[in-house]
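**Q** Given chain V's structure and the hints, the job is docking chain F onto it.
Now for the letters of each chain:
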Amino acid sequence: GAGVSQSPRYKVAKRGQDVALRCDPISGHVSLFWYQQALGQGPEFLTYFQNEAQLDKSGLPSDRFFAERPEGSVSTLKIQRTQQEDSAVYLCASSQATGELFFGEGSRLTVL
Amino acid sequence: RKEVEQDPGPFNVPEGATVAFNCTYSNSASQSFFWYRQDCRKEPKLLMSVYSSGNEDGRFTAQLNRASQYISLLIRDSKLSDSATYLCVVRGDSWGKFQFGAGTQVVVTP
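Chains V and F are the protein sequences, given in the same order. Residue numbering for the first sequence follows our numbering, starting at 1 and increasing by one per position. Residue numbering for the second sequence follows our numbering, starting at 1001 and increasing by one per position.
Next comes chain V alone, as it looks inside the complex (with noise of 0.2 Å):
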């Protein structure tokens, strides 16, 4: 696709529900990025994939997150149990070896 495409946009949750991210990234694009973006803060990186291999998870906040790309191209990530304090945007960016992110416009989760 032309950009970066996130869904949901919004999504509301019960506190101890499961929540599910969808991000499908620019069309040829090997590297994928999650960041958490809380109110008034800069994106804090969650984890990063090049094709299908997680290369890096060490920003997964706890277990209860969990991240995939399992075709190498669109991607999911799920949070479980959900908490107030997950409670943010969930930005995914999209990458060449160039390694300007190409962001989409993120899915905003509130817990209650």
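Worth flagging that the hints you see were computed from the coordinates, not collected in a lab. In this text, a Cβ means the ideal position worked out from N, Cα and C, and glycines have one as well. Any given hint could be a false lead.
[Said to hold, decoys possible] List of simulated lysine-lysine pairs, DSS-like, C-alpha gap at most 30 Å:
1) V:Lys57 to F:Lys1097
2) V:Lys78 to F:Lys1079
3) V:Lys11 to F:Lys1002
[Stated by the list, open to error] Sample of chain F residues lacking proximity to chain V, with all beta carbon distances greater than 10 Å (derived):
4) Thr1018
5) Ala1020
6) Ala1029
7) Ser1049
8) Ser1072
9) Ser1081
10) Gly1101
11) Val1107
**A** Only chain F this time, still in chain V's reference frame:
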């Protein structure tokens, strides 16, 4: 201590004036440096990469000081449309780990 630190501002700048601000990073092995711009409730977008010798893109000038571990951004002849949050981004020795600062808010006033 965060790996990338920025003055949050806001920097209130009259239209046509010059504004400059810095970003410090803690990992001396960092390899690549960037400035991104983020408008309110929008996604970040690349403004410019920062090269060792410094570089300019129109009204924007970026500098890197490896010895003191900071990068800077200068905006000349500020426009109202320059109002945004400017995010400092540093890539360390892990290729894919781009670390963002919390951002510096710039408000250009008529």
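**Q** Give a verdict on every hint.
**A** Against the structure, the hints come out as follows:
| no. | hint | in the structure |
| --- | --- | --- |
| 1 | V:Lys57 to F:Lys1097 | 9 Å, holds |
| 2 | V:Lys78 to F:Lys1079 | 41 Å, violated |
| 3 | V:Lys11 to F:Lys1002 | 29 Å, holds |
| 4 | Thr1018 | 24 Å, holds |
| 5 | Ala1020 | 19 Å, holds |
| 6 | Ala1029 | 15 Å, holds |
| 7 | Ser1049 | 8 Å, violated |
| 8 | Ser1072 | 17 Å, holds |
| 9 | Ser1081 | 20 Å, holds |
| 10 | Gly1101 | 5 Å, violated |
| 11 | Val1107 | 15 Å, holds |
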